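Asker: Spelled out, the chains give:
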Amino acid sequence: MPVAASAIYFLNLRGDVLINRLYRDDVGGNMVDAFRTHIMQTKEMGTCPVRQIGGCSFLYMRISNVYIVIVVSSNANAASSFKFVVEAVNLFKSYFGGNFDEDAIRNNFVLIYELLDEIMDFGYPQNLSPEILKLYITQEGIRSPFSSKASEKPVPNATLQVTGAVGWRREGLHYKKNEVFLDIVESVNLLMSSKGSVLRCDVTGKILMKCFLSGMPDLKLGLNDKIGLEKESQIKARPTRSGKTIELDDVTFHQCVNLTRFNSEKTVSFVPPDGEFELMKYRITEGVNLPFRVLPTIKELGRTRLEVNVNVKSSYGAKMFALGVVVKVPVPKQTAKTSFQVTTGKAKYNASIDCLVWKIRKFPGQTEATMNAEVELISTMGEKKAVTRPPIQMEFQVPMFTASGLRVRFLKVWEKSGYNTVEWVRYITKAGSYEIRC
Amino acid sequence: MAPPVSAPKSASPSQPSGKSEVTDLKLQLRQLAGSRAPGADDAKRDLFKRVISCMTVGIDVSPAFSEMVMCSATSDVVLKKMCYLYVGNYARCNPDLALLTINFLQKDCHDQDPTIRGLALRSLCSLRVQNLVEYLVAPLAAGLKDHSSYVRTVAAIGVLKLYHISATMCHDSDFPAALKALMLSDPDAQVVANCLYSLLEIWTQEVANSEEAAREIETLYGKSIIYYLLNRIKDFSEWAQCLVLDLVSKYIPADNNEIFDIMNLLEDRLQHANGAVVLATINVFLHLTMSMTDVHQQVYERIKAPLLTLVGAGSPEQSYAVLCHLHLLVMRAPMLFSSDYKHFYCQFSDPSYVKKLKLEMLTAIANESNTYEIVTELCEYAGNVDVPIARESIRAVGKIALQQYDVNAIVDRLLQFLEMEKDYVTAETLVLVKDLLRKYPQWSHDCIAVVGNISSKSIQEPKAKAALIWMLGEYSQDMMDAPYVLESLVENWEEEHSPEVRLHLLTAVMKCFFKRAPETQKALGAALAAGLADNHQDVHDRALFYYRLLQYDVTVAERVVNPPKQAVSVFADTQSSEIKDRIFDEFNSLSVVYQKPSYLFTDKEHRGPFEFSEDLSNLAIGGDSGDDVIHSAQRYEENDKDLLLSTSDKEENGGPTHNGSSTYSAPSDVNSSLTGLVASSTSQPATFAIDDLLGLGVPDAPALPPPPALSLNAKPVLDPGTFQKKWGQLTVSSSQESTLSIQGVASLTAPQSLIKHMQNNSIQCIASGGQPPNYKFFFFAQKEGSSSFFLVECIVNTASAKAQIKIKADDVSASDAFASLFQSALSNFGSS
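Just so you know, the protein sequences line up as chains A and B, in that order.
If you read the first sequence in full-length UniProt numbering, its first letter stands for residue 1, the second for the next number, and so on.
If you read the second sequence in full-length UniProt numbering, its first letter stands for residue 1, the second for the next number, and so on.
Keep in mind the hints are simulated off the structure, nothing from the lab.
Be a bit skeptical, because a hint or two may be false.
[As the list claims (entries may be wrong)] Below, in silico cross-link-like pairs of lysine to any residue (SDA-like), each with a Cα-Cα straight-line distance of 25 angstroms or less:
#  : chain 1 : residue 1 : chain 2 : residue 2
1  : A       : Lys412    : A       : Pro399
2  : B       : Lys234    : A       : His254
3  : A       : Lys134    : B       : Val77
4  : B       : Lys802    : B       : Asp816
5  : A       : Lys266    : B       : Met263
6  : B       : Lys234    : A       : Asn90
7  : A       : Lys328    : A       : Gly432
8  : A       : Lys206    : A       : Met216
9  : B       : Lys756    : A       : Gln41
10 : A       : Lys299    : B       : Cys379
11 : A       : Lys299    : B       : Gln416
Quantities reported herein were computed from a predicted structural model and do not represent experimental measurements.
Generate coordinates for the entire structure from the input sequences, incorporating the hints supplied.
Answerer: Have a look at this one:
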């Protein structure tokens, strides 16, 4: 059974109702009170995002400073409910222009009610595609009488598009300059033990696309992944060119991608939606190039002094560089005084997060940097020494580098009018949860 | 706070003040109602916005209903939508006024713009007013035939709404048949999906008492419809795909070829960006292959990667929902995941609910090859800042040890935990060491050496204290100072608040007594005396039982308390395999998240849709035997009926069985020093005590005439001291469990609300307390015109909406009447 939500609530952090939409009668109007008193005001708020009170289940998630709560009275599908909320929030974001928070909701509550009516009917999810909804729910909450008259005339394509077969693209688009932007964004997740061995490591990547193309173009994307290349060499009876191939553990695609063709020919072919969208997501666990190696040594000198030494080595190409490198070294709460020596960047003690924060604006490849810090602690009575500390965390962005080694080999665009297109490809690797135990 | 309103008039009050605000709005609306002046629409918009914002924050704006309707004659779509929203919200409480709206809604249903038509139809169906149903039929029938697919999608769901208002009207108009025809012929996928939603819900509601419904359901799950939907699956929206996949998972293919065909067709769905679609596909694969063991295993291999991706992507809530499913699969087939253990390592930033699941999975998949790594990782978490997770991880280490992998090293690590000298780590470890010793008595020497160094004073948690006391009793022969430690514990009997600890203390002293009698005799006497004077029923009973046992025959007592024990081979699983299978049948639903089958948490009325489907899937399972292999891992546990049930109550299980056979009138062999002590300390009449011991505290009153209607004294007086005394003296005359209404649970925001409610029913509260979800109350009431009191202990759990009631009464004969009175008062709570 898909969602069949009985009600959706939007609450702020204090529990005030911002929006409530009851889809069904099987839950009472005071369900939100139950949520407030039995979940929000108890310690259990953070313990589980699915809770049951009385006969009803509450599925809730926090997005910026808003709680979105779905109430169901039957055995609903949790994964689909959460996905629905996420998609709905994306939709709202595309209407408000980026931000989704309490203020945005207050300023657009009529619009949200309108949208909630369209995206869910009697608890069943309907169309959530921003492309289509924008055709008949316009962004301007307030329009002049003139334009409201115009809307009396039916938009010829609107309702057809609402449910049409190529739901993600309108017909009759035209651009003077036909451009495609591809962004390959990878985030590296790492968990390294204090001895420097990799406990777990994976890369989650996504390919973001921005299309400004006329007509109904057919696109084909080639990557240097192993299966695709092998398949290609089979079909064309041509040996694979040497060079690095990578193995994708798992791939998911935007609904525009023809999955049948991907499975038979291993090519990614699609008719793209207009504007910005996420073409594919992938995950890789083998052969990850870690952009940074971190070697921490923390020595305790007596009860009140710590000596922290962190060495960071960059392993990407010498011509590349990382931006916004931040290394956070947790220190005990009772830290009193710190002094630093760094080879590059700036380091300071941030008391609100109990960390030594070392920032390096630009970190060239194949180099290393060191921070030496001395930490003095307030001596406390009876306090046992901390057995383990939270891990060191790292943030960074490395442009033009992919930790997985993924490369775009080609992007072909076919359209019946045969126009020329300009393609732009960018790569960037970011830190996901990059943790080194110490 | 209300959403800020742009109308200049209302710029200042951000908090609508209720009544006056509503009257103000009414007035302004009335002024604007007939106005056709330019700009009137904008003014109306502002007003409507204010009305809606009041509605949102919960102010009743229904008094403005007629004014709103008057203003609704407009061509502005946004105004229309706001008005429809308002009308939909309040029509039910103003059924007469709702009639006013019918006119313009019907008119809008014939608008030339399909968007307006759809909107009007949706609002018309959402009025939910019984006596307006007749106006629905014609627009719905027209809507189903509308040339715009948008209107048809609305109409398809509209039929379902009509069904919920008036099922007969829906059937009389033959809408289900029309939906079915539409579903099979409509070119638009969303219309098809909505027809399917409606049909499924309508027929599953009726399946229990209508043969026609059963037949219709069968057709829906039949080959032709399933194939029709499968062939169009790519046309459907992602949500509708979930619906179709759900339907397919219930389908029973004729042969294996069909199964493979379906799986081949659906394989690409595993690459869909929407996690819900992926999970639904996985559900189909798992259920289709139930009969083919080896393919089923391959399915596990195939779905592993997409599942792990889903876990890593998206918000913590989303990955939690997926992890729950992965958890279920891991528990079913831990072997298949044993090489993926690194995926279940916790990240520092994971929320604790995610960490908890990961820990359980790590525990489940531990085997010879990965135990070392897993335990090393778990030990990292033991020093974690997040205390509950640190505890869980210690427990996980213990569980792995109980699975018999690498016990040696694990015991060492556990003992290291004890040296960390953190309260909670020590506490958890003690409990574990106790369980380990029950399974591996051969480790007792190593463990006892370390445990002996732990001071019982530094341990606060009852469970840990109980574990330590158990070890003191069990291994008193190896621990030099065991009798003296126990003695000092007995001396502090009064300060020991947990009955569990006191129970364990009694037993431990007994055990110690049989091993080192001279040293323990004093402690035993003191313990029995303290136990007999104890307020807690169980402690008192156990003390008395031991006392009489000793009186009867010391050797028998030794056999009961200290029997030769075998090492426990397997600890009982808390969940039966039948339940686990049921949860698996409900894959991709909340059952998996709650880890219990849906019938345990959904109301009866909502169970309809699932009961039927379960039958189907059971059929699928019953027809073959291939799946046995998969289940065998869980089933073997069931056969071990002789195991101990839980870790907290153990050898005492033997006690009660002896109760029945031994006679209590033979105090021949007396431990003289004890008799004196005890006789002086116990003042209760012996018969009463024996009744107590045998659990006969409630005198059966089978022949009682139905008690006259009980009336209660409206203002009884009872001071807490007397209450406490009475509570201690009286036995429980009635113990029941009752269910609270949903409204009741919602109103129970603080104990006061219930106390007030009960007061209105002449039942007074004397003490209350607790934190959500558990509240505890002590009530009392007095029979009108008599001095007999009723005392009630009521424990309310709002999460399960259950209340446990224990009633003690001066006048036992009236207890039943009072119990029903109390129950009805409780169940009325919230509705008044």
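Asker: Does each hint fit the structure? Answer for all of them.
Answerer: Structure-based check of each hint:
1. Simply put, Lys412 of chain A and Pro399 of chain A have alpha-carbon atoms about 24 angstroms apart, close enough for the 25 angstroms limit, and the pair holds.
2. Only pairs whose Cα atoms come within 25 angstroms are accepted, and Lys234 of chain B paired with His254 of chain A is accepted, the gap being roughly 13 angstroms.
3. The straight-line distance between the Cα atoms of Lys134 of chain A and Val77 of chain B is roughly 15 angstroms, inside the 25 angstroms bound, and the hint therefore holds.
4. Between Lys802 of chain B and Asp816 of chain B the CA atoms are separated by roughly 20 angstroms; this keeps the pair inside 25 angstroms, and the hint holds.
5. Of the pairs offered as hints, the one joining Lys266 of chain A and Met263 of chain B holds, with about 19 angstroms between alpha carbons and a cut-off of 25 angstroms not exceeded.
6. For the hint pairing Lys234 of chain B with Asn90 of chain A, the CA-to-CA distance comes to about 23 angstroms; that is within 25 angstroms, so the pair holds.
7. Distance restraint check for Lys328 of chain A and Gly432 of chain A: the Cα-Cα separation of roughly 14 angstroms lies within the 25 angstroms cut-off, and the hinted pair is therefore satisfied.
8. Restraint check: the Cα-Cα separation between Lys206 of chain A and Met216 of chain A comes to about 24 angstroms, which is no more than 25 angstroms; the hinted pair holds.
9. Straight-line distance between C-alpha atoms of Lys756 of chain B and Gln41 of chain A comes to about 22 angstroms, which keeps the hinted pair within the 25 angstroms bound.
10. Using a Cα cut-off of 25 angstroms, the hinted pair Lys299 of chain A and Cys379 of chain B holds, with the two alpha carbons roughly 21 angstroms apart.
11. For the hint linking Lys299 of chain A to Gln416 of chain B, the alpha-carbon distance of about 22 angstroms falls within 25 angstroms, and the restraint holds.
Against the hints set out earlier in the document, no violation occurs for any number.
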